[in-house]
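Q: Given next are the chains, with one letter for each unit.
There are 2 protein chains.
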Amino acid sequence: MAHLTASVEYSLHCLLWLMDAGDKPLSSRDLAELQGISPSFVAKLFPKLEKAGIVKANEGVRGGYVLARPPGEITFLQVIDAIEGFKPLFECQEIRHRIALFGDTPPAWATDGLCSIHTVMIKAEDAMRAQLAAHTLADVAVAVVRKAPTDFKVEIQEWMDGRMKGRRPGRRLKTHTASS
Amino acid sequence: MAHLTASVEYSLHCLLWLMDAGDKPLSSRDLAELQGISPSFVAKLFPKLEKAGIVKANEGVRGGYVLARPPGEITFLQVIDAIEGFKPLFECQEIRHRIALFGDTPPAWATDGLCSIHTVMIKAEDAMRAQLAAHTLADVAVAVVRKAPTDFKVEIQEWMDGRMKGRRPGRRLKTHTASS
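From first to last, the protein sequence lines stand for chains A and B. Remember, this note's numbering sits 3 above the position in the first sequence when you count from 1. Remember, this note's numbering sits 3 above the position in the second sequence when you count from 1.
To be clear, the hints were calculated from the coordinates, so they are not data collected in a lab. Heads up, some of the hints might be wrong.
To be verified - Part of the chain B face toward chain A, derived, beta carbon under 10 Å:
no., residue
1, H16
2, C95
3, K126
Said to hold, decoys possible - DSS-like cross-link-like pairs, simulated, lysine-lysine; straight-line CA separation at most 25 Å:
no., chain 1, residue 1, chain 2, residue 2
4, B, K126, A, K150
5, A, K126, B, K150
6, B, K126, B, K90
7, B, K126, A, K126
To be verified - Chain B is faced by these chain A residues, among others (derived, beta-carbon under 8 Å):
no., residue
8, A5
9, L7
10, P91
11, L135
12, V143
13, I159
Since the structure is predicted, the reported quantities are computational estimates derived from the model, not experimental observations. Ideal Cβ positions, reconstructed from N, Cα and C, are used throughout, including at glycine.
So here's chain A without its partners, still in its complex pose (with noise of 0.2 Å):
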């Protein structure tokens, strides 16, 4: 099992796509559809990053989520925090307390500052959430448009205006309270 839950790549995911739909709202039922994963697990997914300011929720008749931000100010880091909470690299239990030899009051030599390995872990996680937060929407947007062929962004455009027109107001409302 990886460190970051599947929960941060669908997300990241349905964020590029929310990036390539631009102002056209999609709801969380459009993008898991889209990308054949679960309307369950992504509809739990967007409260996290609309709460985190990432997307807003459009209520009208159009119901659906847009980014909140540009992409280029969207990172990796703020995704990954929105939808795990921060979780430190390490959790120090303060173990050097415990040492026999100091008995019930350890010594102020032992324990005040961090503890050394605390102090290298923090270090790591630093290094790690730099690269984290040194990368956003926009950087890997590039990336993979530089690989899709001009029809497939003109199909997708028009699969997302297909989704939109086919939603009627009664039902519109309805898919959106249900699956967003």
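With the hints as your guide, set chain B onto chain A.
A: Same frame as chain A, but now just chain B:
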């Protein structure tokens, strides 16, 4: 909860004590009692550290473990991988293969090479692992030793000597078998 478990923390602390002990073998029970932590928990760590060539078991009358390599050649990364196995930051589910418009046969342009999201995650993981590989037991020990007063260093050596003297041959073998 943190990405790394308490097993990593306990292992690193035990290894620092083995470094101090030099050529005096300490059993996992010695190490647990010295630090006020669970002997059965510590006993489970040492077969992994031994398998990774980080410690070696001394099966003789003075049974216990010693470091298998100089502490300047034992990195944080080696200890983490020994204890937890290699755990990637991110596991790509390749959901790009499932895009609805592709049907059953996703085109090569969409699936060739690493997913761009995965590429960013690998950069972040590499940055973290590079930091963990850049720090050794010896580096951390320098920081700890600088803080400890001379009389504590003497006391610790006496405690370790006492543990070894306290092991009678019959009991010694049993303790070693049960705890390490």
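Q: Failing hints, ascending?
A: none
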